[in-house]
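S.K.: Top line first, the protein sequences correspond to chains A and B.
Mapping of the first sequence onto our numbering: residues 68 to 449, in sequence order.
Mapping of the second sequence onto our numbering: residues 123 to 485, in sequence order.
Hint data in this document are derived by calculation from the structure and do not stem from the laboratory.
Only a predicted model underlies this, so the values are computations on that prediction, with no experimental measurement involved.
C-beta atoms are modelled at their ideal positions from N, C-alpha and C, and glycine is treated no differently.
Please note: incorrect hints may appear among the correct ones.
[What the hints assert, rightly or not] Which chain A residues stay away from chain B? Per the calculated CB distances, all over 10 angstroms, these:
id: 1; residue: G186
id: 2; residue: P209
id: 3; residue: K241
id: 4; residue: D427
[To be verified] Covered stretches of chain B, going by a simulated chain A footprint (3 or more residues, C-beta under 8 angstroms):
id: 5; stretch: 152-162
id: 6; stretch: 181-191
id: 7; stretch: 233-244
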Amino acid sequence: MGPSEQPHQSLAPAPAAEGWLYDGLTARRWPVRVEADSERPDSLLIIRPEHPPEQVAAVDLRQTDRRDDAVLLGRRDSDGWQLGLRRPVPPEVAARLPAAEIYGAWIDRLGLPQFAAAGVFVTMMVLALLWFAPTWLAPLVPQAWERQFGATWLGQMEADLGCWTGPGRQALAKIERRLSPEQPYLITVVDVPIENAAALPGGDIVLFRPVVENAGSPEELAGIVAHEMAHVKKRHVTEALIRHFGFGLLLSSVGGNAGTAVTQMTGLTHTRAAEREADRAAIATMLAADVSPAEAADFFRRVGGAERDEGGDGDEPQNPVRTTASRFPEFLRTHPAPDGRVARFTRAAEGRAFRPLLNDEEWAALQSICRAPIEGAPDDPR
Amino acid sequence: MRGQLVERDFERPEKGLYPGIEFHGHWREFLPIVATNLILTLVTLGIYRFWAKARERSYLWSRTQFIDDRLEWTGTGKEMFLGFLIVLAVLVPAGAVFQVLVSRGGPVIALIGVLLIYAGFFYLIGVARFRALRYRVSRTRWHGLRGGSEEGGWSYGVTAIVMSLLTGFTLGLAYPAAQVSLWSERWGKMQYGDAPVSVTLDKTPPGLFGRWLLIYGAFICLYAVLFGSFFAGMSASPESSESWILVTVVLFTLGFYFGLPLLFVVYYAKFMRSVIGEMSWMGVDLRFTASTLDWIKLYLGHALLVLVTLGFGLLFIGYRNWAFFVRHLEASGTIDPDAIRQSELRMRTDAEGLAEAFDIGGI
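All chains should be modelled from the sequences, with the hints used to inform the complete structure.
M.R.: This is the structure in structure tokens:
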């Protein structure tokens, strides 16, 4: 460079891109030249007709699209402003352009695989939380709330379909007192033709008519009652309710269908764990009350057989909250350990003698609790 | 159909007329977008779907050319997510309070409560539909312009309820007129740049009502056949009555699940052509050309694609719909970009808290 040549007088033009500009004020398309001025390395110089050259800081620009024929830029501080640069863009100009936003700011910064990995981790944590939280929260729910909830559930059904024959009620009360001498439970038989039993929020237990009629012995019925008592004691119903209404609602609102599936899956798994826990507690209760648990296996065998002989934990008789589980595809419900449940109850009775629960007359009265004519007012022994 | 820019530009890439509207997208460009969207939506427990929607639209808009230049989608996942959260924050507590009130009160209060909920629900659906349109128009850039509406859709919600009632009271006969009038109110309240969108639909377009009567008649015929054959079957001998019932059930099912929807497509194709054909903006007239057969091909294509790809094709439904729409849309007229100024409407931030819940963000 000779002494007579000043840099600003250089004849070599600054590297420039051709393009167009919308200024966001009118719909007019301005032809522009965009220069990469070497003295202002962090900005671009926009030259358009009828306007003085305009310096735009590179940090104010965002790349909004990269097409085959052009790169499009927007401006963070001006809505509607769009600069299009025809490709190929000279490297000096291209070097000053912001990177394209692809997936969203956070993900671009972190990288897609890294973000996906982090996402999987967080998802696992959330699922784990959803899995355990209802179990932790259930004992914190005031009993009074539960009772109110359960009462509204049972209320009308009990009034219309409750079975109240006196001797039957007394026999049922005898079973209840034998199994739980200290804490009373309200057990209601209702005339609804499904072979099922349910523990309601608040601690009431409902036996549907066929459960009572089809039971082979008082001990078999006692097994079912003990199982439901365990659900009550362990707050499983509340747990299921929290899972169903609390997190289910949250997840399905944010996550759409995926959320629903997740809820169903967590609900299902909870059910198995809870059922196993209830079985264990039921066996303990019966042994403590000197009632044989062996006959309870008959019920699970019978109901399990009706449900395609799944055995194991697939035979889930109780809990009205758990309807999602039974709608789940069979292959997801089938448990690898068949007859585990039957075996548990049978094994617990081995090598022990038990005291009988009801005499024949009481048992007959209980079995016909729904068949006898209703004798006026409810005849609750308590 | 051709569009033309007034020759006041400093630069025209080529002489002659521009095609009115063109679609430049390709499914191979769209595939990586939906594939990564799917992954990201899964690993974020669904939250990414707002960003996914923004990315899809961003692509589709940028491949859609109106006269001389392409559209740009400027909506963001963040604003859609926030819009959704705002709606949730209003609706969920409101719903909870309502539940408590209803459960504490007697059956009368409960009944009134349920009715109120349904009425509110209906109203908000109308409002949400208006706001969804307003949002989309306001996030669409062409030549740097944006659009929108001065209104928040509150009065449109009322019209929507009135039209539903009218449809109900006339046993469905008023449906075409109601839909036409709703379309025209919705779009007629929009503007783009500083120019209003004009919809010249003052009466139900000719031929539309006839197509609607077709569905109406078919519906009545189906039930007439059902009951007729039911009574005929009762009087016939037991053996033949069984086959009667079988034939009737098969015919009824076919008619109900294939015949009626097909007739609805016949109606809907006409509806779309009629209402879009009456729209214009700044002297540019729109035309929509999709025939009944085009719509049937579109839906059959959807079904085949989803079947063949074992469900993955679901991700392409939005793309196919948009491409179908743009390819059958035509624009003609002459436009003077210098004469259109930017919209004075402020940018609303309420987005589409709409679709999942209802858009309440504008309050």
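S.K.: Against each hint, give a clear statement of whether it holds in the structure.
M.R.: Hints versus structure:
Not every CB of chain B is more than 10 angstroms from the CB of G186(A) (nearest about 3 angstroms), against its label as outside the interface. The non-interface label for P209(A) is consistent with chain B: the shortest C-beta to C-beta separation is roughly 16 angstroms, beyond 10 angstroms. Distance check for K241(A) against chain B: the nearest CB is about 37 angstroms away, which clears 10 angstroms, and the non-interface claim stands. In this structure D427(A) is separated from chain B by more than 10 angstroms, as the shortest Cβ-Cβ distance comes to about 46 angstroms.
Coverage of a stretch by a chain is defined here by at least three residues with a beta carbon nearer than 8 angstroms to that chain's beta carbons; for the stretch 152-162 of chain B and chain A the count is 3, and the condition holds. Counting residues of the stretch 181-191 of chain B whose C-beta lies closer than 8 angstroms to any C-beta of chain A gives 3; at least three are required, and the coverage claim holds. Beta-carbon proximity to chain A at under 8 angstroms applies to 0 residues in the stretch 233-244 of chain B; the threshold of 3 is not reached and the given coverage is violated.
Hint compliance for this structure: hints 1 and 7 are broken, all remaining hints hold.
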